[in-house]
Amino acid sequence: GAVVSQHPSWVICKSGTSVKIECRSLDFQATTMFWYRQFPKQSLMLMATSNEGSKATYEQGVEKDKFLINHASLTLSTLTVTSAHPEDSSFYICSARDPATGGSYEQYFGPGTRLTVT
Amino acid sequence: AQSVSQHNHHVILSEAASLELGCNYSYGGTVNLFWYVQYPGQHLQLLLKYFSGDPLVKGIKGFEAEFIKSKFSFNLRKPSVQWSDTAEYFCAVYTGTASKLTFGTGTRLQVTL
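Chains as they are written, first to last, in the numbering used here: chain B, 1 to 118; chain L, 1 to 113.
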């Protein structure tokens, strides 16, 4: 099946610094990737939809200047948390759609990245 | 806007007990429905999905779900749970209007020996 990887799996950074999280589709080309945020014991909240070669579409309430998304290739999307603060500490999950599945809207999820801002 | 409700937040069952997790969505048009499972320390995995056709769909590991359009429901069932089914279960809906997956708040299932 389709595999999505994320790197790093966990990261600790100091307040005010930036951190980049990578999301890769390993065995398929993903024109669309998604970035979610999951708080402890809560559901996944969609942050933005990342489209290859174009600007990301952010959900309401998500600061696009703080959460920079780049989808430069069909297998890689990156999320950069700029000027991180402790309240940005969370579990960030990416997913990708495999266009080869046609009308299927199934998404394949990465293992997530635990970000802790101190 | 579409939304998904999972009424059971935490369910505790003994092994071999039957399972039914509720999922209701709010959207009047065509929907695609999913159940995902997240085992402790692991990533989300697809259990099953419904796009069209037979409203009773079977997934992996003995799970099944029934789409009842009149009730806007997509409940997950398993006749006999195992300890290894201990996990977080998420219901999700996709509509062409929103063009995104909307997740329910999740149900934590704990299966005791």
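No lab work stands behind these hints: they were computed from the structure.
Treat the hints with care, as some may be off.
Said to hold, decoys possible - In silico PhoX-like pairs for lysine-lysine, Cα to Cα no more than 25 Å straight-line:
1. B:K41 - L:K61
2. B:K66 - L:K61
3. L:K61 - B:K55
4. B:K41 - L:K69
5. L:K100 - B:K64
6. L:K69 - L:K49
7. L:K49 - B:K20
8. L:K100 - B:K55
As the list claims (entries may be wrong) - Residues of chain L placed beyond 10 Å of chain B at every Cβ, according to the derived structure:
9. V11
10. N32
11. Y36
12. Q45
13. E66
14. D85
15. A87
16. T97
17. G104
18. G106
Glycine included, each C-beta is placed from N, C-alpha and C at the ideal position.
Checked hints:
{"no.": "1", "hint": "B:K41 - L:K61", "verdict": "holds (24 Å)"}
{"no.": "2", "hint": "B:K66 - L:K61", "verdict": "violated (40 Å)"}
{"no.": "3", "hint": "L:K61 - B:K55", "verdict": "violated (39 Å)"}
{"no.": "4", "hint": "B:K41 - L:K69", "verdict": "violated (29 Å)"}
{"no.": "5", "hint": "L:K100 - B:K64", "verdict": "holds (18 Å)"}
{"no.": "6", "hint": "L:K69 - L:K49", "verdict": "holds (15 Å)"}
{"no.": "7", "hint": "L:K49 - B:K20", "verdict": "violated (32 Å)"}
{"no.": "8", "hint": "L:K100 - B:K55", "verdict": "holds (16 Å)"}
{"no.": "9", "hint": "V11", "verdict": "holds (14 Å)"}
{"no.": "10", "hint": "N32", "verdict": "violated (5 Å)"}
{"no.": "11", "hint": "Y36", "verdict": "violated (8 Å)"}
{"no.": "12", "hint": "Q45", "verdict": "violated (8 Å)"}
{"no.": "13", "hint": "E66", "verdict": "holds (19 Å)"}
{"no.": "14", "hint": "D85", "verdict": "holds (19 Å)"}
{"no.": "15", "hint": "A87", "verdict": "holds (13 Å)"}
{"no.": "16", "hint": "T97", "verdict": "holds (12 Å)"}
{"no.": "17", "hint": "G104", "verdict": "violated (6 Å)"}
{"no.": "18", "hint": "G106", "verdict": "violated (5 Å)"}
Comparing the model with each numbered hint stated earlier shows that hints 2, 3, 4, 7, 10, 11, 12, 17 and 18 do not hold.
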